[in-house]
Amino acid sequence: MLNFAAKTPLKCVRMPMTVASKMSALVNNEDALKVWLSDKRSAGNAMTMAFLGSYLSYQPVTEPEDFNVCPILLTQPAVDRWTPLHLSEPFLKRIQKVPVNVVMLESAGHYPLEQPGLSQMVDAIDAFYRNGAARQQGIEWLP
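First residue of the sequence shown: -10, per the numbering used here; consecutive thereafter.
In case anyone wonders, no lab produced these hints; they're calculated from the structure. Accuracy of the hints is not assured; some may be wrong.
[What the hints assert, rightly or not] Pairs of lysine-lysine, BS3-like flavour, derived with a Cα cap of 30 angstroms:
| id | residue 1 | residue 2 |
| --- | --- | --- |
| 1 | K(-4) | K29 |
| 2 | K11 | K23 |
| 3 | K11 | K82 |
| 4 | K(-4) | K11 |
| 5 | K23 | K0 |
| 6 | K11 | K0 |
Based on the sequences and whatever the hints tell you, model everything.
This is how it looks when you write it as structure tokens:
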């Protein structure tokens, strides 16, 4: 129905994100969730039917099987109620031309505010960048 609405005068109608998606699963900390839900730039926002329709019908320019640009790092929160790992795995398995590294973030939700997941994410991203820079300099991989 969103695709249909996006092609009519309803395309400008804004739908609260709490109606469009399960915002209650965005973060596992109740106090943080209240902040996100009240923030009009985050989960408290509303999107037009046109945006939501385009989001649902998006087609990538490059299919996963053809992606060969750079290594991929997925920092996957272990307690992600929004996008659990099993939803990403079929897509990631299609990527064959570049390394794919998945780092599980312990005790973290979709917005990984919880420790030790938050620190693990920072460390994984730092190592990912450092290894990318090392490869640019001809060094294979840093420990």
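Results of checking the hints against the structure:
no., hint, in the structure
1, K(-4) with K29, "holds (26 angstroms)"
2, K11 with K23, "holds (14 angstroms)"
3, K11 with K82, "holds (26 angstroms)"
4, K(-4) with K11, "holds (24 angstroms)"
5, K23 with K0, "holds (29 angstroms)"
6, K11 with K0, "holds (21 angstroms)"
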